Amino acid sequence: MEEVKEVISMPRIGDQAPGFEAMTTMGPIKFPEDFKGQWVVFFSHPADFTPVCSTEFLAFAQMNEEFAKRNVQLLGLSIDSVFSHIAWAMNLKEKTGIEIPFPIVADADGRVAKLYGMLHPGESSTATVRAVFIIDPNGKIRAIIYYPLSAGRNMREILRLIDALQTADKYGVATPANWVPEPQVWEFTEENTKVIVPPPTSYEEAVNRAKQGYECIDWYFCKKKLS
Amino acid sequence: MSTGCVSPDGRLSEKALGLLKLLEEKGALTPVEIAEITKRPLFQVRSSLRELTEAGFIASSEGEKYSLTEKGRAALS
Numbered sequence: 000m001e002e003v004k005e006v007i008s009m010p011r012i013g014d015q016a017p018g019f020e021a022m023t024t025m026g027p028i029k030f031p032e033d034f035k036g037q038w039v040v041f042f043s044h045p046a047d048f049t050p051v052c053s054t055e056f057l058a059f060a061q062m063n064e065e066f067a068k069r070n071v072q073l074l075g076l077s078i079d080s081v082f083s084h085i086a087w088a089m090n091l092k093e094k095t096g097i098e099i100p101f102p103i104v105a106d107a108d109g110r111v112a113k114l115y116g117m118l119h120p121g122e123s124s125t126a127t128v129r130a131v132f133i134i135d136p137n138g139k140i141r142a143i144i145y146y147p148l149s150a151g152r153n154m155r156e157i158l159r160l161i162d163a164l165q166t167a168d169k170y171g172v173a174t175p176a177n178w179v180p181e182p183q184v185w186e187f188t189e190e191n192t193k194v195i196v197p198p199p200t201s202y203e204e205a206v207n208r209a210k211q212g213y214e215c216i217d218w219y220f221c222k223k224k225l226s
Numbered sequence: 000m001s002t003g004c005v006s007p008d009g010r011l012s013e014k015a016l017g018l019l020k021l022l023e024e025k026g027a028l029t030p031v032e033i034a035e036i037t038k039r040p041l042f043q044v045r046s047s048l049r050e051l052t053e054a055g056f057i058a059s060s061e062g063e064k065y066s067l068t069e070k071g072r073a074a075l076s
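Protein sequences appear in the order of chains A and B.
Numbering-wise, numbering that gives the first Met the number 0 puts 92 at position 93 of the first sequence, and it's gapless, one number per residue.
Numbering-wise, numbering that gives the first Met the number 0 puts 42 at position 43 of the second sequence, and it's gapless, one number per residue.
Next up, chain A with everything else stripped away, as it sits in the complex (with noise of 0.2 Å):
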């Protein structure tokens, strides 16, 4: 009998960005509808409550007037409901102090994902791979960048990619390898040295995490140096 494979669909760069409705933590959006006219950094995570992604999330969180000065909205989503999209944003901000403060898509069912390639079966079957979809205000998908689960993205990158393409639409222009529209310093500190301890998976675990000697912003949220 003839083997059928289920074929998932893959946007791809030129393509006009796939429409959907879906729940946010900012209420409602029909996308791409409700953002014409603003570019869209449109990122998915794997999951909430999981340290890697909080990272991105405080990190995107931090560089958010960055983004809008460019005209830019940031939208999240991972397979997860509103409600724990919410908790996981109050417990980042009672824990760090840091609001996030773009919607995220709560896609419990996964329809979102699969309309955008984001799941990659070989790495996981039930959680997004860290996927960018840069969407400009005419609905246009420009750029895609696709990480696995284990690392986390650099926000300034996606930031410089923003500004690249501003750059060439506005100027009728192509830009280099490592150009940035003026120079600066990218700071790398002793903490972005830290790597990230796989969260428990267990209650035991967790309730015992605290107790082990790392930097822990939650339980499920701790950072270790390399010996």
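These are calculated hints, taken from the structure and not from any lab test.
Since we're looking at a predicted model, the values are computed, not measured.
Careful: at least some of the hints might be erroneous.
Stated by the list, open to error - Taking lysine-lysine pairs in the BS3-like style, the calculated list, with each CA pair at most 25 Å apart, reads:
id: 1; chain 1: B; residue 1: K14; chain 2: A; residue 2: K35
id: 2; chain 1: A; residue 1: K139; chain 2: A; residue 2: K68
id: 3; chain 1: A; residue 1: K224; chain 2: A; residue 2: K94
id: 4; chain 1: A; residue 1: K94; chain 2: A; residue 2: K193
id: 5; chain 1: A; residue 1: K92; chain 2: B; residue 2: K38
id: 6; chain 1: A; residue 1: K68; chain 2: A; residue 2: K92
id: 7; chain 1: A; residue 1: K223; chain 2: A; residue 2: K94
id: 8; chain 1: A; residue 1: K29; chain 2: A; residue 2: K113
id: 9; chain 1: A; residue 1: K35; chain 2: A; residue 2: K113
id: 10; chain 1: B; residue 1: K38; chain 2: B; residue 2: K25
id: 11; chain 1: A; residue 1: K29; chain 2: B; residue 2: K64
id: 12; chain 1: B; residue 1: K14; chain 2: B; residue 2: K70
id: 13; chain 1: A; residue 1: K35; chain 2: A; residue 2: K139
id: 14; chain 1: B; residue 1: K38; chain 2: A; residue 2: K35
id: 15; chain 1: A; residue 1: K223; chain 2: A; residue 2: K92
id: 16; chain 1: A; residue 1: K210; chain 2: A; residue 2: K222
id: 17; chain 1: A; residue 1: K193; chain 2: A; residue 2: K222
id: 18; chain 1: A; residue 1: K68; chain 2: B; residue 2: K38
id: 19; chain 1: A; residue 1: K35; chain 2: B; residue 2: K64
id: 20; chain 1: B; residue 1: K38; chain 2: A; residue 2: K29
id: 21; chain 1: A; residue 1: K210; chain 2: A; residue 2: K92
id: 22; chain 1: B; residue 1: K25; chain 2: A; residue 2: K35
id: 23; chain 1: B; residue 1: K64; chain 2: B; residue 2: K25
id: 24; chain 1: A; residue 1: K193; chain 2: A; residue 2: K224
id: 25; chain 1: B; residue 1: K14; chain 2: A; residue 2: K29
id: 26; chain 1: B; residue 1: K64; chain 2: B; residue 2: K20
id: 27; chain 1: A; residue 1: K223; chain 2: A; residue 2: K210
With chain A's structure known, arrange chain B on it following the hints.
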């Protein structure tokens, strides 16, 4: 999907009444103008405008300008 502007029994939230009052005061406005005045994200403004349009309180004309309908004016009186 509700943005919380209009409850199932047709009552308007504070946020929705604020939007209708703004349109009464300033006349027809685009979503971008409303986002600038209210300091709310553009996508959220468009979402609220859609719900209020579907409920018949406002209507849009050419150029994506929104203004009050008779029902919208009545809701404020």
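Run the distance test for B:K14 versus A:K29: straight-line Cα separation, threshold 25 Å. The hint holds at about 20 Å.
For the pair we were handed, A:K193 and A:K222, check the Cα-Cα distance against 25 Å. holds (6 Å)
Measure nothing beyond the straight line between the CA atoms of A:K68 and B:K38; if it is 25 Å or shorter, mark the hint as holding. holds (14 Å)
When you check the alpha-carbon spacing of A:K35 and B:K64, does it fall within 25 Å? holds (15 Å)
Compare the distance between the alpha carbons of A:K29 and B:K64 with 25 Å, and conclude whether the hinted pair is satisfied. Holds, because 19 Å separates the two Cα atoms, which is no more than 25 Å.
Straight-line alpha-carbon gap A:K193 to A:K224, limit 25 Å: At roughly 5 Å apart (the allowed maximum being 25 Å), A:K224 and A:K193 satisfy the hint.
Given the hint that A:K35 pairs with A:K113, test it: the Cα-Cα distance must not exceed 25 Å. OK: A:K35 and A:K113 at ~23 Å, within 25 Å.
Is the straight-line distance between the alpha-carbon of B:K25 and that of A:K35 25 Å or less? holds (23 Å)
Quickly compare the C-alpha distance for B:K64 and B:K25 to 25 Å and report which way the hint goes. Holds, at about 12 Å.
Is the Cα-Cα distance between A:K223 and A:K92 25 Å or less? holds (22 Å)
Run the distance test for B:K14 versus A:K35: straight-line Cα separation, threshold 25 Å. holds (22 Å)
Given the hinted pair B:K38 and A:K35, is their alpha-carbon gap at most 25 Å? At roughly 17 Å apart (the allowed maximum being 25 Å), A:K35 and B:K38 satisfy the hint.
In summary, the structure agrees with every hint in the numbered list given earlier.
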